[in-house]
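Using the sequences and the hints, build the whole thing.
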Amino acid sequence: MEKKEVTIMNRHGLHTRPATALVKNATGFKSEINLVYKGIRVNAKSILGLLVLAIEPGAKVTIEANGQDEKEAIENIVVLVENKFDME
10 MEKKEVTIMN RHGLHTRPAT ALVKNATGFK SEINLVYKGI RVNAKSILGL
60 LVLAIEPGAK VTIEANGQDE KEAIENIVVL VENKFDME
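Count the sequence shown with this note's numbering and you get residues 10 to 97, in order.
Hints were generated in silico from the structure; no laboratory data involved.
Just so you know, even glycine gets a beta-carbon here, dropped at the ideal spot from N, CA and C.
Now the in silico label distances, taken between C-beta atoms and shown as ranges:
1. His21 - Gly76: 26 to 34 Å
2. Glu14 - Met96: 17 to 25 Å
3. Lys93 - Ile56: 16 to 24 Å
What follows is the structure in structure tokens.
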């Protein structure tokens with residue numbers, strides 16, 4: 010299992026558009042991928058799960074991946090988050 014903590018840096022947090030970008034990205038990997046925020050773990054391939062977290066700008070979240078392409082999945086999602094989900 011791979012884990013990485015990241016900060017949500019886009020100005021509106023994880024609303025519908027960035028959550029959709031994250032789900033699209035995550036579904037491209039075979040690994041199980043989760044996002045953990047305030048102790049709540051959700052499937053990063055689930056738009057509803059991500060939106061329920063109501064992640065605000067500046068929040069620290071942990072990305073977890075477990076499976077054959079876990080390292081690549083984490084690296085790819087970290088880049089997406091660091092690039093503010095290509096929204097700004």
